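Trainee: Okay, here's what each chain looks like letter by letter:
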Amino acid sequence: MQKYIKTLIWVLLFTSTLTFKVNAQSFTDINELIEKAKEYNGEEVTIQGEVIGESMKRGDYSWININDGTNAIGIWLDSDIAEEILFYGNYKCKGDTVKITGIFNRACKEHGGEADLHSSSFEIVKNGYEVKEQISPVKIIIAAILTIFTLVLMLILVKVIKKRRL
Amino acid sequence: MDVRKKEIEGIIYESLLTIFYVAILFAANVIIMR
Amino acid sequence: MASLKHRQNGIEIISYYTGYIVLIVASLMTIPIITSLLFLEWNPMLDFIISDAIAFILGILMIMYGMRSKERNHDIQWKHGFVIASLSWIVLTVLCSIPYILSGHSLSFVDACFDVMSGFTTTGLALTQDLDHISIGLNMWRHILTFIGGQGMVVLTLTFLGKEMGGAFKMYVGEGKDIELVPNVKGTARQIWKISMIYLIIGTIVLWIVGMSIGLKPVSAFLHALFIFASSWSTGGFAPNSQNIMYYHSMMFETVAMVIFILGSLNFGIHYAIWQGKRKEIVKNIEIQSFLVTSFVACMLALAGLAKLNVYSDAIAGFRRVIFNVISAHTTTGFGSIYARQFALEWGDFGILIMVVAMLIGGSACSTAGGFKGLRVGIVFKGLIMDVKKLLLTERSMNVYKYHHLKDRVLDDTVIKSSAIIIICYIVTFATGTILGTFYGYPISASAFESASVTGNVGLSIGVTTSSMPTAMKLFYIIAMYLGRLEFLSVFALIGYFLGGVKKACKNILKH
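Chains as they are written, first to last, in the numbering used here: chain A, 1 to 166; chain B, 1001 to 1034; chain C, 2001 to 2512.
Chain A with its partners taken away, still in its complex shape (with noise of 0.2 Å):
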């Protein structure tokens, strides 16, 4: 009986784990969306990804753009929500990483036929940060050469022109 019980406890705690490693990822790649777009349109769905360019409000509801790596898509969700963002990945910034559930559109209704996501639950999991930039002082020893070479090759030319003329 006890052997049976202890099995029983194994099998369980198995299991459960198995059901933790299949939630390790809850959220869905935007490219996804789009490729099954027809199956999950209507659908609530989670997806985390980093908030690029600029919010864009338009009155109480504002647009992001959220990149996951996969793809890109824009969420509509509430201004207020939208001014806690502070950071928006662009060339110099690497943007806050935000987890966003709600409604996938195949061809939403309310916004003229677009694939969109439309908020329910915002949550920012990471913040970014302004990326620091690394300049090699190769690269400024190369440009320094390349362009006095430039220059030099001008000066050259022009005396080959004047010459010409006579």
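Rather than coming from a laboratory, the hints here were simulated on the basis of the structure. The reader is advised that the hints may include incorrect statements.
Stated by the list, open to error - Here are some of the chain A residues that sit facing chain C, going by a computed Cβ distance under 8 Å:
1) E32
2) E35
3) I85
4) F87
5) V160
Please read all numbers here as calculations on a predicted model, not as lab measurements. Cβ atoms here follow ideal geometry from the backbone N, Cα and C, with glycine treated the same way.
Once you have looked at the hints, place chains B and C on chain A.
Mentor: What follows is chains B and C alone, placed relative to chain A:
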């Protein structure tokens, strides 16, 4: 500056006609999407 | 040997003028340098300084080589003009790819060249990685490439160096244009630039205002306006962000862009005529008539076909997702208001086919657009009607058939023949691209769509164009974009000239 005037009129004319064509497309689209 | 001297002279002429074109485009590379400086983007600034220096050095060396022989025999023939046009595009493709490579946003040299050629030919397909994080300097460069490509690098050079350019007209034609707005080529080039620059100012301001009204901040709204204008007017299709025109989520923005790209797809001769007060041109012109008919029919067919499949539910969606994309395809712009894969997954074969035909027909001749060109479609169509009429009418009547393109012209067999031949060249290129796609396993509708996009210099994608695409396809697409944009003849001339030289070299070797 008669040349200038013709050019400005030309720009307005072209732009308006293009906008007009786009409007026609929209109208036809509304009819089809009913 | 006289012919050897002749050939040497030819090479010098080609080197001289190609060098000048390289120099002019190299000067433009100072714009991204200044842009990166303004926005404190140090690495891109250095990348552009390095690339610019290399371009200047090469340009100067080519000019100096062209000045080698003591006598200045600048008797430029048609073959030289065509070779200069086509060769300069190849040299510039390599030079202008250097900033991309240095930025790290291109996964390979081929990818970088692909993006540059895509810009020059105003196609708009991009293999650039991580567009949402590229520097403003590099984004500025991408959009400059497409704006310059739209007007033409030869046209740009002709604006400045008229005095030096003996065979100017021959180079101008070599780049795929033949309309003379005013009796001299330099004047024509200047007019083309004037029209583009005036629209640049007006269009950018309008888009800037719209941009701010939809929520963009002032400085970024300006940059977006400038970039989207450049891309719209040149019927290029590049956009500063990975979501293309969808980034803005705005019907107003899309519609303004659409008005601009329709205007941009029109023949410069038409703009010039209207700016001179010849308003009737817009109704009488065969290209306008052709475009109105084909674009309207394409839109209606696409709407009907997609309505049947219930892809979009209302008129607004129909306008923003169908009409926008069909007109984008037809004018060979390439802005996409849906995701590339949605064409494949949601539009169905009928919708895809309509897009393929629209992309191939293309825009107007002597404009920034690609494709067969409405002029040729109109001419061949009218030629067909003419032949049918000839059969039906009595054999004794001698009718002269005409068409109107800036002026009344005779619709004779020569005109019909040359139009038909170029259309055939486009079709062959398109077919080859489609076959190549299917060879690599892509479905036929996707292969056809992408091939049409490339051949017609459109830039819409159904999802085939990615960095992981087979290299052979990337190379073919680069060549197809190039052939399509220069309308075949100058590239054939370049190949012929090159082969002619190889043949002579072989003959000389065999003699000894």
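Trainee: Are the hints correct? Go through all of them and say.
Mentor: Status of the hints after comparison with the structure:
| no. | hint | in the structure |
| --- | --- | --- |
| 1 | E32 | 11 Å, violated |
| 2 | E35 | 6 Å, holds |
| 3 | I85 | 14 Å, violated |
| 4 | F87 | 12 Å, violated |
| 5 | V160 | 6 Å, holds |
The earlier numbered hints that this structure contradicts are 1, 3 and 4.
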